[in-house]
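Participant: For the sequence shown, UniProt numbering gives the first residue as 1, with consecutive numbering after it.
Calculated directly from the structure, the hints in this document are not laboratory data.
Any given hint might turn out to be false.
[Unchecked claim] The calculated DSSO-like cross-link candidates involving lysine-lysine, where the alpha carbons are at most 27 Å apart (straight line), are: (1) Lys114 - Lys137; (2) Lys72 - Lys114; (3) Lys159 - Lys117; (4) Lys46 - Lys128; (5) Lys159 - Lys185; (6) Lys185 - Lys168; (7) Lys195 - Lys184; (8) Lys137 - Lys93; (9) Lys117 - Lys195; (10) Lys117 - Lys137.
[Claimed, not checked] Simulated restraints, written as ranges between beta carbons of each label pair: (11) Gly95 - Gly136: 36 to 46 Å; (12) Ala65 - Glu163: 16 to 26 Å; (13) Ala138 - Glu73: 16 to 26 Å; (14) Lys137 - Lys60: 17 to 27 Å; (15) Ala55 - Arg147: 17 to 27 Å; (16) Glu163 - Ala77: 18 to 28 Å; (17) Val176 - Lys137: 32 to 42 Å.
If you're wondering where the values come from, they're calculated on a predicted model, not measured in any experiment.
We put the CB at the ideal spot given by N, CA and C, even for glycine.
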Amino acid sequence: MAGGLHFPSAPGRGGGRAARPGPAGPAGSMAAREAGGVVLGKSADKLFSLSGLFAVYKPKGPTSAGVLNLLKERLLAEAGVQTNGNKRNQVLKIGHGGTLDSAAAGVLVVGIGKGTKMLRTMLAGSKKYTAIGVLGKATDTLDATGRVTEEKPYDQVTKGDLENVLQKFTGDIMQVPPLYSALKKDGERLSTLMKRGEAVEAKPARPVRVYSLSLQHFQPPLFTLGKGQRLLRSDFSCHCICFPSCLA
C-alpha cells in the first residue's frame, strides 16, 4: 500500500463504473469533463479499464473495510476523479473476498470492476492460518487485543496435552462465532456494540470443516498453530466466516 499506485494502459474498459469518460477534444476534455456530479481527470479512462483480482497485503491494525477505502481513495486520486457527496463511492466498484480481523495480518483478495463478480469463489474456498497463542491467559476478545479476564498456571501443560486437544477441533465441528467479530447486528459490527457496552447475543453455531490443525511450535507460555479450514455451507447471503480465535 505504500507509495503510488499506477494504472495499466488498456483499450478495454472494466465493469463496475458509474460514469464514463466523454470524448476527447475541446467540448469533451478529459481534464474537465463532468458527468452526474463526477469530474473526470484525464487518467480516468485508465481507472475504468482496471479490472480483476488483486492480492493486497493487510498489516495488523487496519480493518479490511479500511484497506478498501484507502485503496479506493488512492486510485481515484491518481486518476484525477473528483466527486460530489456520496457519488464518490459509486465511481469505482471494489470489494474483498473475505474479512481479515484488524488484529490479523495477511493477504486480502481484492476485486475491482468485473473482478468483484469473482469474489464469491474466494469466499467458498479454503483458508490457511497461522496463530500464536499464550498459555494460562484468557481475554474477553479471544485474541491479544482484549482485556485479560482469567489467568491460570500452565506449568503442567505438555506438548502432548495440547496436541490431544487439537484433535478435538479437527474435522467437521460446530463453531460459535465470537462476540468481538465483524458480524453485524442491525447494520453495526458486533465488536462495535460490545465496545459500547451494549448487550449482544451470541450467533448460532455454524458448521465448519478444519482440514488440519497442527502444533508447529511449543515453548511455554507461547505456542504456534497452523491450520487450514473451510465452511461446509456456501450461503453467500450471510457472513460465512470461520474464526481462528475460536480454535486457538
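Participant: Each of the hints needs a verdict: does it hold here or not?
Facilitator: Checked hints:
Note on Lys114 and Lys137: the hinted pairing is violated, with a Cα-Cα distance of about 45 Å set against a maximum of 27 Å. For the suggested pair Lys72 and Lys114, the alpha carbons sit about 15 Å apart, so the restraint of at most 27 Å is met. Distance check on the hinted pair: Lys159 and Lys117 sit about 45 Å apart at the alpha-carbon level, beyond 27 Å; violated. Distance hint between Lys46 and Lys128 is unfulfilled; the C-alpha atoms sit about 34 Å from each other, more than 27 Å.
Taking the CA atoms of Lys159 and Lys185, the gap is near 39 Å; set against the 27 Å cutoff, the hint is violated. Proposed proximity of Lys185 and Lys168 is contradicted: the alpha carbons are some 30 Å apart, above 27 Å. Of the pairs offered as hints, the one joining Lys195 and Lys184 holds, with about 14 Å between alpha carbons and a cut-off of 27 Å not exceeded. Our distance criterion of 27 Å between C-alpha atoms is broken by Lys137 and Lys93, whose separation comes to about 43 Å.
Simply put, Lys117 and Lys195 have alpha-carbon atoms about 34 Å apart, too far for the 27 Å limit, and the pair is violated. Proximity of Lys117 to Lys137 is assessed by CA-CA distance (about 42 Å); at most 27 Å being required, the pair is judged violated. For the pair Gly95 and Gly136, the supplied restraint of 36 to 46 Å holds, since their beta-carbon distance comes to about 40 Å. Between Ala65 and Glu163 the CB atoms are about 37 Å apart, so this pair departs from the stated range of 16 to 26 Å.
With their beta carbons about 38 Å apart, Ala138 and Glu73 fall outside the hinted range of 16 to 26 Å. Distance hint for Lys137 and Lys60: a CB-CB separation of about 19 Å, consistent with the stated range 17 to 27 Å. About 34 Å separates the C-beta atoms of Ala55 and Arg147, a value inconsistent with the hinted range of 17 to 27 Å. Roughly 51 Å separates the CB atoms of Glu163 and Ala77, a value that falls outside the hinted 18 to 28 Å.
Between Val176 and Lys137 the beta carbon distance is about 20 Å. The supplied range of 32 to 42 Å is therefore violated.
The structure shown violates the earlier hints numbered 1, 3, 4, 5, 6, 8, 9, 10, 12, 13, 15, 16 and 17.
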